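Residue numbers (my numbering), protein chains in the order written: chain A, 68 to 251; chain B, 10 to 308.
Keep in mind the hints are simulated off the structure, nothing from the lab.
Among the hints, a few may not be true.
Claimed, not checked - SDA-like mimics (lysine to any residue), calculated; alpha carbons at most 20 Å apart, straight line:
#, chain 1, residue 1, chain 2, residue 2
1, A, K186, B, I138
2, B, K142, A, E191
3, A, K186, B, L242
4, A, K113, B, T106
5, A, K186, B, R143
6, A, K238, B, L242
As the structure is a prediction and not an experimental result, all values here were calculated from the model.
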Amino acid sequence: MANIILWTIIGILVLIILYIVLTFNSLIMLRNRVENAWSQIDVQLKRRYDLIPNLVNTVKGYMKHESGTLTEITKMRSKLVSGSMSEKSKASDAISQALKTIFAVSEDYPKLQASENFKMLQEELAGTESKIAFSRQFYNDNVMSLNNKIQQFPSNIIANLLKFNEKEFFKSEETERKPVKVEF
Amino acid sequence: MSLYENISSNKRKSILLIILFFIIVASLGYILGFYIGAPVTGLLIAFIFSAVMVLISYYSGDELILKMSHAVPSDKKTYPHLVNTVEGLAIAAGIQTPKIYIINDSAINAFATGRNPNHASVTVTTGAIERLKRDELEGVIAHELAHIRNYDIRMMMLVAVLVGIIALLSDLFLRTMIYGRRDKQIRGTGRPFGAILFLVGFILALLAPLIAQLIKLAVSRQREFLADADGALLSRNPQGLANALKKIRDDKEPLVEAANKATAHLFIENPLRTFKGRINSLFSTHPEIDERIKRLQGL
Numbered sequence: 068m069a070n071i072i073l074w075t076i077i078g079i080l081v082l083i084i085l086y087i088v089l090t091f092n093s094l095i096m097l098r099n100r101v102e103n104a105w106s107q108i109d110v111q112l113k114r115r116y117d118l119i120p121n122l123v124n125t126v127k128g129y130m131k132h133e134s135g136t137l138t139e140i141t142k143m144r145s146k147l148v149s150g151s152m153s154e155k156s157k158a159s160d161a162i163s164q165a166l167k168t169i170f171a172v173s174e175d176y177p178k179l180q181a182s183e184n185f186k187m188l189q190e191e192l193a194g195t196e197s198k199i200a201f202s203r204q205f206y207n208d209n210v211m212s213l214n215n216k217i218q219q220f221p222s223n224i225i226a227n228l229l230k231f232n233e234k235e236f237f238k239s240e241e242t243e244r245k246p247v248k249v250e251f
Numbered sequence: 010m011s012l013y014e015n016i017s018s019n020k021r022k023s024i025l026l027i028i029l030f031f032i033i034v035a036s037l038g039y040i041l042g043f044y045i046g047a048p049v050t051g052l053l054i055a056f057i058f059s060a061v062m063v064l065i066s067y068y069s070g071d072e073l074i075l076k077m078s079h080a081v082p083s084d085k086k087t088y089p090h091l092v093n094t095v096e097g098l099a100i101a102a103g104i105q106t107p108k109i110y111i112i113n114d115s116a117i118n119a120f121a122t123g124r125n126p127n128h129a130s131v132t133v134t135t136g137a138i139e140r141l142k143r144d145e146l147e148g149v150i151a152h153e154l155a156h157i158r159n160y161d162i163r164m165m166m167l168v169a170v171l172v173g174i175i176a177l178l179s180d181l182f183l184r185t186m187i188y189g190r191r192d193k194q195i196r197g198t199g200r201p202f203g204a205i206l207f208l209v210g211f212i213l214a215l216l217a218p219l220i221a222q223l224i225k226l227a228v229s230r231q232r233e234f235l236a237d238a239d240g241a242l243l244s245r246n247p248q249g250l251a252n253a254l255k256k257i258r259d260d261k262e263p264l265v266e267a268a269n270k271a272t273a274h275l276f277i278e279n280p281l282r283t284f285k286g287r288i289n290s291l292f293s294t295h296p297e298i299d300e301r302i303k304r305l306q307g308l
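Okay, chain B solo, but in the shape it has when bound:
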């Protein structure tokens, strides 16, 4: 797949994701409205809600993600070689230099986010800056810039925020449902409101695994392999990234504290992994690290 096919595929998938989000939220609004006796109002509210959420996630999804990950802007004085590396690779990729952020965490990891190459940022953990050699850091940054140039970042940002919102709604309803069950009064008196919440919560609980599946689909292994290869083409040095991945693989503490299920797929390597290599199987958003190293060394 060429770079341009890749870009249009990502733009298409982003639109599909937005439509899917609209459908899910609208049907929830309709169900909720139906039980109150005003399905159209419910639909309308859900429609406005999703429109607002889509706009927020498109225009400030990256800021949300950065906030969630406790990322802070980096200046040139603290890490001059990081800034020089990003600037250099941005020249090679032919894109504007993205903003640079730092996560204060000893684990080695990095991610890129934003809506297009002109509104993008790269985030690196302090562990990566301090523990990777120059060419290894270069490999990692090149991988992230490949994500930016491919518009992977738009797709992955929307996945993180929109799927995150649905997961959050699901969580909220589930909690209400469990809490409501304890409250005998609501169930006992048979007030319609408790029944509605129960039903919606039930539906959303059913949806949750589907959402997880969606994250997996959106963040296919192919996408990571492709960014690895594109990154190697940018840095002209596949060994750099391969060595960085090896360091991550052999790391005793690869867990990034500020990462969560909604943002895990953004990272260069699964940040939720514990040392024994046990990955939460439902969210295995990344290909096997050994397979990636093998492919890079074969380039």
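Pulled out of the complex, with its shape left as it was, chain A reads as follows:
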């Protein structure tokens, strides 16, 4: 009789340990996915950071009246690659707005519109713009799976014991991604 009780206890302990190991591993996997997703955003922000000086140089000669917007973009640009997540997100939103203005205004400058270099930059920036949105979407999806696992019972016990922290969503003023409006 004592034997049966002993083995039952051992059996239960093994199951518990197994559960802890599996949960720990899936938490690690989810956390790595979030980190990987974050680096995707960073890659795209860096890409935009690199494209902006090109754009400013190309546009500067044509758009004399827009020099204010251009200075603004150049200022915000540095915040894309340094600073906290919320700073990056704010800078990214501000630049999106400023770029929209520049591309809208550019329609009044036929010579600029005809420039191959400008067309290429416009496509690249529009592409990067949507990639930022897509990488943000991918990041937030992954943050949600991680946070769910950390909050839901019974995995929350293990997450708390092993000190897994919930991650912050990459918020944007445009919470849901809207279809890209750029037409060529």
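Mind docking chain B on chain A? Use the hints.
Same frame as chain A, but now just chain B:
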């Protein structure tokens, strides 16, 4: 069905298909061997043949399909917005950016192929690039990336190549049979070889409708609906794909020249359809386009 259940279901079905291929080819080898008087040799040869064919279709089936469809690799310079769209959606799907190919055809269509998300490609017709708006093209690409992420591509590639091989064998034997009939000498003298070919050809001719049925089963309507929904989840814009499908529906020339019965099921919408909407009923591999549009708009 979750993404992971979907992936394992596709992997399971791929293995089933390979086993089925082995059984069909092995039994043919056995029959042929039996008439020559060496059934074991026939079986062995058939076994080696199918093993080689399975390996070829698994590792280079996508290349075969791309070649058959006259697809050529695209570079970033020619179609920058296509490359940007694929790269962006691949980020959203969390997969490696697939290789990008172009078919020079004015019809709007696209397909994805490969054995897994790390060895995959997306092919788009020039018609789709030139005639679809940015968000419509995005919807189409998102649908294809959903196929890639689900491992639909593995299953669909194996269907295209293995079923294609069986169909080809069947065709070959049937032709030989008809040709042999004209040749009085073979039938007249009653040489066993003519009789064997006749029998095998007969069996394969019987198998052909079964094969067509198999294609239909493998490429269930559900798979297309699911990729539509998954794609909409990726692009966050169901209307894009819905509008693209509408354009395909109203297209006067939806026929893709380089598509054939073996590859038709890979495409986003049946490439063998003529304008009047007449579909070869035996190969209706795609759900009704209006039903797809309706479901997308309901998302």
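### Message
Next pair to validate is K142 (chain B) with E191 (chain A); report whether the Cα-Cα distance is within 20 Å.
### Response
This hinted pair holds, its Cα atoms lying about 17 Å apart.
### Task
Assess, step by step, whether the Cα of K113 (chain A) is no farther than 20 Å from the Cα of T106 (chain B), and give holds or violated.
Holds. K113 (chain A) to T106 (chain B) sits at ~19 Å (cutoff 20 Å).
### Message
For a C-alpha distance cap of 20 Å, please report whether K238 (chain A) and L242 (chain B) respect it.
### Response
Given pair K238 (chain A), L242 (chain B) holds - Cα atoms ~19 Å apart, limit 20 Å.
### Query
Quick one, are K186 (chain A) and R143 (chain B) close enough, alpha carbons at most 20 Å?
Given that 20 Å is the threshold and the Cα spacing comes to 16 Å, the pair holds.
### Given pair status - I138 (chain B), K186 (chain A), alpha carbons within 20 Å
holds (17 Å)
### Query
K186 (chain A) and L242 (chain B): Cα distance at most 20 Å?
Violated, at about 30 Å.
Hint check: a violation occurs at hint 3 only; the rest are consistent with the structure.
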